[in-house]
Each structure stands twice: as structure tokens, then as C-alpha cells.
Amino acid sequence: MMINKSIIIQFFRYLWIALGLALILFVVSQSLYTKRSLEYNLNFSETNTKDIRGWYPEQRIRGSSSVGVNNTFNIIGEPLYMKVYTPINFEVMDISGGILSSKEEDIRIGLKQDDGSCDFKKLEIIDNNFNTSFALEDAQVRNNQLEVILSMPSITSSSSVRLVDNWKIVLSR
Amino acid sequence: MKIFITIVKDFFKTALIVWLLLVFFELVNPGMVQRFVNLEIYLYFLVLVYIFNKIIDR
Chain S
1 MMINKSIIIQ FFRYLWIALG LALILFVVSQ SLYTKRSLEY NLNFSETNTK DIRGWYPEQR
61 IRGSSSVGVN NTFNIIGEPL YMKVYTPINF EVMDISGGIL SSKEEDIRIG LKQDDGSCDF
121 KKLEIIDNNF NTSFALEDAQ VRNNQLEVIL SMPSITSSSS VRLVDNWKIV LSR
Chain B
1 MKIFITIVKD FFKTALIVWL LLVFFELVNP GMVQRFVNLE IYLYFLVLVY IFNKIIDR
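Chains as they are written, first to last, in the working numbering: chain S, 1 to 173; chain B, 1 to 58.
No lab work stands behind these hints: they were computed from the structure.
Accuracy of the hints is not assured; some may be wrong.
What the hints assert, rightly or not - Where chain S lies over chain B, by a calculated footprint (3+ residues, C-beta under 8 Å):
1. 17 to 23
2. 28 to 34
3. 42 to 50
Nothing here was measured: the structure is a model prediction, and the numbers come from that model.
Think of the CB as a built atom: it goes at the ideal place given N, C-alpha and C, for glycine as much as any other residue.
Please model the complete structure; the sequences and the hints are all you need to start from.
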């Protein structure tokens, strides 16, 4: 009987240790990144994932119709923010995706910098698609996250700007 | 009952050590742990286990 007790206690003791170690190893392994680039395919319908948080505030964006295989999201206010997790220090961030607008809008994407300012770039939309890139040398990385800002200073209540749910962010070094 | 008490005690000790290690990792590399594990909820869970442990140990 005593042996059985001891075996049960030992079994659970090692089980707890194994579970603890597994959790620690999982967390550590997820934070190690050895590849040259990291690609995120954004999903605007999920505003809070482990890698991407945004767009927020959620009241400023609303899911609407679909174009082809992609959903589109109506922008009803600005600016919109997004946080992108970066496990290591990358040098360049490329953002590409689709934007549909009823007229030619002044749409800018910014990246928060170390000094608190924002490095804004006006988007050149060709065939409802854009592609832009940012150098990450002076970008603010807080809690291993980059902050992206989408701004449309000229947006009015009559404007119709829709983000196509096919955006891609590529971090590379 | 004694077996159960010992198992809960072992669980608490291991969970506490794991929590401390995770907090250390989070401090060294912010965001690394919180992406997967909510350390605050983990702490509340530890407190509950500790209380449970004290109750059954009487």
C-alpha cells in the first residue's frame, strides 16, 4: 500500500513538472525566430490575435460586403491603429493590400517612431492596391510591438473607403 | 486524502515556479509570454489553488 501511494505521488509530481516544462519550452520556442523575414496575412475580422491587434478603435471600422473572395471593411472614422508583434529586430516592414474608395482620397499609413512622432506615407493606390515600406531603424518598438496608423485626414461622412481583407505585412532583415 | 493533499501541494509548488519563470521571461522580453499566457489570471489561479490547499490541509 505504501509503495502504491509513493508511486501515485511521484507520478503526479513528474506530471506537473513535465507540464510546466512543456509550457516554458513552448513559450521560449515561440519567441525564437531565425528566418530572414516574417509574413503576416491580416484578417480584419479578428481584431485581437496573438500577433496582430487591430484595427482599433473598433467603432471606426465596420465589416461590409465582399469583393471576389475577400471581405471589405468600411472605414467610418479615423485614425485607425494596429499593433504588429515583432519577435526580433527587423530592418524593413512592407505593407501591401487593397483599398476601395469612391473618389480619390488622401490615405496615409504611418509608423510610430521612437521620438513619439509618426512617419506617414501617402498611399499610391493603383488598381485598388497599394504597396509601401518603412525602415524600422527609428521605429518605436514597445512590448515587441510596432504601431501602425492609418489616417485619412480628408474623410467626410459622404466618403466611402473600404479596406479589402487581403493586407499583408512582411518584416524582413 | 493524504495523497490528494500531497498532489495538490506539488501542483502548487510547480505552478508557482513556472509562474515565476514566466514573469522573468516577460520582464526580459516584454510580450513574449503575455501573447500566450495571461500572467495575471495565472496569478489569481495560483491564489485559488493556495487557498484550496490550505482548506484541505486542515
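For each hint, the structure was consulted:
no.: 1; hint: 17 to 23; verdict: holds (count 4)
no.: 2; hint: 28 to 34; verdict: holds (count 6)
no.: 3; hint: 42 to 50; verdict: violated (count 0)
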